[in-house]
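Quick note, the sequences are listed as chains A, B and C, same order.
The first sequence begins at 1 in the numbering used here and counts up by one.
The second sequence begins at 376 in the numbering used here and counts up by one.
The third sequence begins at 751 in the numbering used here and counts up by one.
Hints listed in this document are in silico derivations from the structure and should not be mistaken for laboratory results.
None of these values were measured; they are calculated from a predicted model.
Built from N, CA and C at the ideal position, the CB exists for glycine as well.
Wrong hints could be hidden among the right ones.
Pairwise CB distance ranges, derived in the manner of DEER restraints [as the list claims (entries may be wrong)]:
no.	chain 1	residue 1	chain 2	residue 2	range
1	B	Gln548	A	Glu188	26 to 36 Å
2	A	Gln293	B	Asp435	28 to 38 Å
3	B	Gly471	A	Pro121	46 to 56 Å
4	C	Ala1044	B	Asp435	16 to 26 Å
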Amino acid sequence: MESEFRKTHETFVPGSMTLPQEYYTSPEIFSKEKERIFRGWVCAGHVSRIPDAGSYFLLDQAPDNLIVLRDKEGGVRAFHNVCRHRGTRVEDAPEGMFSNSIQCSYHAWTYGLDGKLIGAPFMKDVDGFNPENFPLKAADVHQWNGFIFVNTGGGKTASFEQEYPGLTGRMSQWNMGALKSHKRIPYEVKSNWKYVFQNFNECYHCPTLHPALNKLADYTSGNNDLTEGSALGGFIEFTEDSRSMTMTGRTCAIPLGDLSPEDSRRGYYYSVLPNLLLNVHPDYVMFHLVSPQAPDRTKVISEWLFNPEANSKKDFRPEDAIEFWDITNIQDWNVCELGQKGVSSPAYEPGPYSPRESLLAAFDQHYLSIMNSTK
Amino acid sequence: MESEFRKTHETFVPGSMTLPQEYYTSPEIFSKEKERIFRGWVCAGHVSRIPDAGSYFLLDQAPDNLIVLRDKEGGVRAFHNVCRHRGTRVEDAPEGMFSNSIQCSYHAWTYGLDGKLIGAPFMKDVDGFNPENFPLKAADVHQWNGFIFVNTGGGKTASFEQEYPGLTGRMSQWNMGALKSHKRIPYEVKSNWKYVFQNFNECYHCPTLHPALNKLADYTSGNNDLTEGSALGGFIEFTEDSRSMTMTGRTCAIPLGDLSPEDSRRGYYYSVLPNLLLNVHPDYVMFHLVSPQAPDRTKVISEWLFNPEANSKKDFRPEDAIEFWDITNIQDWNVCELGQKGVSSPAYEPGPYSPRESLLAAFDQHYLSIMNSTK
Amino acid sequence: MESEFRKTHETFVPGSMTLPQEYYTSPEIFSKEKERIFRGWVCAGHVSRIPDAGSYFLLDQAPDNLIVLRDKEGGVRAFHNVCRHRGTRVEDAPEGMFSNSIQCSYHAWTYGLDGKLIGAPFMKDVDGFNPENFPLKAADVHQWNGFIFVNTGGGKTASFEQEYPGLTGRMSQWNMGALKSHKRIPYEVKSNWKYVFQNFNECYHCPTLHPALNKLADYTSGNNDLTEGSALGGFIEFTEDSRSMTMTGRTCAIPLGDLSPEDSRRGYYYSVLPNLLLNVHPDYVMFHLVSPQAPDRTKVISEWLFNPEANSKKDFRPEDAIEFWDITNIQDWNVCELGQKGVSSPAYEPGPYSPRESLLAAFDQHYLSIMNSTK
Chain A
1 MESEFRKTHE TFVPGSMTLP QEYYTSPEIF SKEKERIFRG WVCAGHVSRI
51 PDAGSYFLLD QAPDNLIVLR DKEGGVRAFH NVCRHRGTRV EDAPEGMFSN
101 SIQCSYHAWT YGLDGKLIGA PFMKDVDGFN PENFPLKAAD VHQWNGFIFV
151 NTGGGKTASF EQEYPGLTGR MSQWNMGALK SHKRIPYEVK SNWKYVFQNF
201 NECYHCPTLH PALNKLADYT SGNNDLTEGS ALGGFIEFTE DSRSMTMTGR
251 TCAIPLGDLS PEDSRRGYYY SVLPNLLLNV HPDYVMFHLV SPQAPDRTKV
301 ISEWLFNPEA NSKKDFRPED AIEFWDITNI QDWNVCELGQ KGVSSPAYEP
351 GPYSPRESLL AAFDQHYLSI MNSTK
Chain B
376 MESEFRKTHE TFVPGSMTLP QEYYTSPEIF SKEKERIFRG WVCAGHVSRI
426 PDAGSYFLLD QAPDNLIVLR DKEGGVRAFH NVCRHRGTRV EDAPEGMFSN
476 SIQCSYHAWT YGLDGKLIGA PFMKDVDGFN PENFPLKAAD VHQWNGFIFV
526 NTGGGKTASF EQEYPGLTGR MSQWNMGALK SHKRIPYEVK SNWKYVFQNF
576 NECYHCPTLH PALNKLADYT SGNNDLTEGS ALGGFIEFTE DSRSMTMTGR
626 TCAIPLGDLS PEDSRRGYYY SVLPNLLLNV HPDYVMFHLV SPQAPDRTKV
676 ISEWLFNPEA NSKKDFRPED AIEFWDITNI QDWNVCELGQ KGVSSPAYEP
726 GPYSPRESLL AAFDQHYLSI MNSTK
Chain C
751 MESEFRKTHE TFVPGSMTLP QEYYTSPEIF SKEKERIFRG WVCAGHVSRI
801 PDAGSYFLLD QAPDNLIVLR DKEGGVRAFH NVCRHRGTRV EDAPEGMFSN
851 SIQCSYHAWT YGLDGKLIGA PFMKDVDGFN PENFPLKAAD VHQWNGFIFV
901 NTGGGKTASF EQEYPGLTGR MSQWNMGALK SHKRIPYEVK SNWKYVFQNF
951 NECYHCPTLH PALNKLADYT SGNNDLTEGS ALGGFIEFTE DSRSMTMTGR
1001 TCAIPLGDLS PEDSRRGYYY SVLPNLLLNV HPDYVMFHLV SPQAPDRTKV
1051 ISEWLFNPEA NSKKDFRPED AIEFWDITNI QDWNVCELGQ KGVSSPAYEP
1101 GPYSPRESLL AAFDQHYLSI MNSTK
């Protein structure tokens, strides 16, 4: 631990301070974030939500809303959920199945699963109207270990690999693309979304806030292996008596992928700007999608993934993982709300990060570089 | 139908596109609308609400609130509901009866039914105070076929006839001034008020959205006879088996006025800027008053009027009309909310109107001329 | 009464008019008020809430939140409720007891009851970190007749005596510092906070709005003895049959302090900018703390104080006072809401104050002098 501490410490810039108040409260900065941070590559969710041709779900990621679907050729596609006629939201049910086409419920404009406009009553009577000019607007899609990322636009042209060099080639041994979703819980947090990200990126608070978690892993153990850019994080080591982050400390499902003995004793935690918080354990994955609603209000949807074969095993106890994080989440959201209350006070001024909060300083620095870019 | 289609088509400007996003979402444009569109002539409701001397109702039409009353001489008057002392809302009950005067509940300042200040405790002790300078502020009143219009102000000096040349002399044969109100239903729509107006002005959506309505009338039948300015609309023809817009397709009350055989087989639909949507059938009238609350929120109050003698007839079945429109309204408001969601997306861009949406292009054009006027 | 009227009249500037609309509706003016009016000296409450060493309560006075506590030496202290680390609200429970220290629930940073930082895990590893630079931020405290005032900051350097010269030495004969709190009722008023202050400062409305109160005291009796600056008010005289402001008109508890025969027959009413409205009767005190939430929304917390020995007496009937003011409060808040509705109309324009509203003109004048100061 001594040596680990030095390692983490090395990445820490002493004197780093928390962000000024306006970053947590200003409507103008919030608007700028929606353009600069929340448009471009965002995580839509896990592929297990769309197993079959025609199955879809909606990504409600302010300011955008997209239809993410599996097409007839088995590919994943994403379209802005906006009819090209009068702008109506084409599909409002959060998930479901399309047969051969997507029809707007207003005037029956109809699109193929490839987004092409294939029906538009009376429009043939309009001189010069060409349906090829009015497909659903597509978003680029990239899959990373079973997670679907879509580029919502806003002029962001970087490739996935350019945006997230640290993710490329990482974590394949967990075989996360094969997992199945078992549970999804939505939360509403009365806090700025960055407080949620910052809270995720340190375990300095674990002894005080998460007594149960703190018994399973020494918060000073482990190391950070992604320390700059849009993806940040590292791992923590379970204590001798613990095998996973669960209520019992035991694993609750058959193992994921093909893990080394070391990875079988670790939890990996990555924040991926702008909206993914990823928790990877030997026996399950839990991830949050973070959706800012206002400077002081954030939706978080937490989802649990397991080995697809786990369900048929006698000793499958998913509640052991679900209850653990539901309790931990609520502890975290509560303190994020206290944080929002505090930083909104005129008495707040930036405070000093501790050496255990080096990732927060890295997060702030990367965030500010995007917000202040003159490009 | 072939020929009708050409007629409607003639009024359509090919290439007309829907309004840009900001007109549905911008608080600044919304504020400007309250001044430019919603002050001036607005519809207050139907005369049957104030049958007797002293009876009144409140018109809650943002940004204004007015007392509309019948005075002792039988005339209709309207006053801004603001005490001239400290600005208190003088009367808060939405409808009722004044005896001889209107008294503010705060400091007992008292006004006659003609608005004159007739009591103000202690004010005689103020040098130079002249009660004649402090009447309730009056608004001009105009009655059109039983509908009370008031000029809420904002420097709008056009007469009713100048504002609505298309309405002058129109529709007298329905004798709507004699009707009685039977039902009023308030709705709250999470949509911009213009989406509500635009939705009203086309039946292109009827086959998809209103299957029951679509059986009663062919949406390509009829014609538009008011195609520019503040009042827009026309008629639709009932199918051979239908006699009115009701659940049963039969009339549900004794006929209105003195109608020609043609008018007895038609529904007439007019939108009257800024707040009246009028539905006239052979056996009843249904009208909406539209009150914008926010860029993305609109109150609509729907009211049903019948022949005053209908109530005494055995075969009076008002529910047949009320249920029909309540169902249809909810279908409309739902799709207006989907529209608001869609046009709020950064992916929205103006789309092409179909030939069946010529009135929407006319509405947009007139609306923009008011908003962009340099007067 | 004749002579009294002249006295009050003398302080009245004829021709004084109510404030323009924007002072009740503008978000910009509201923001400016939070800085200019609501930072500086504010009333936190009564000392009886913190009888023992370590006992505390939170003052939630937008934009500030402070911990008000009794320290080990028996003194009263106030600290901004903001951790110096990441800005977290340190304590969220509205009242309670600290043992020896105040610990933030997030990362266990710990402060003494004197505000000094006495624990901060890992921070010793940060070069140059000196805990003496990171105490909880203190606010100056002044006690006036048992009421705790704190200076929340914002660069306001005037002493309590400079801010409230009229309060110095006033009202000591009621011995209010010895009273005990018996009841606290929170209200939410959909009105601007100034309408609440203005309503408090006149009894011109009493005959119309408060028939019960009006039987206990002639609203034209008494006199105003503080007529300019931040503290305004005076007294009213009970009628011959009445002894206090209660449902029965009788006193409901043993007397306060050592009152002259005259003071035993009077109610004293003072508004103390920015947030205290004080009602002092021979047998009890009721005060409001006023906390603006938005231009059109205000929280009011009303609290009743009695002689500490009252509780042991057989004829202690606190409900007689509590019910009286709860009824009166609700009448007042209702009319403040009508006021807010009215002044928000475009038809509102400033109206003339009556001679019975001289304190409102004084309030407006002082308020405007602060808002328009070029300092």
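Hint check:
1. B:Gln548 with A:Glu188: 26 to 36 Å: Taking Cβ atoms as reference, glutamine 548 (chain B) and glutamate 188 (chain A) lie about 56 Å apart, which means the hint is violated.
2. A:Gln293 with B:Asp435: 28 to 38 Å: Since the Cβ atoms of glutamine 293 (chain A) and aspartate 435 (chain B) sit about 29 Å apart, the hinted range of 28 to 38 Å holds.
3. B:Gly471 with A:Pro121: 46 to 56 Å: holds, 49 Å
4. C:Ala1044 with B:Asp435: 16 to 26 Å: Holds, at about 21 Å.
When held up to the earlier numbered hints, the structure conflicts with hint 1 and nothing else.
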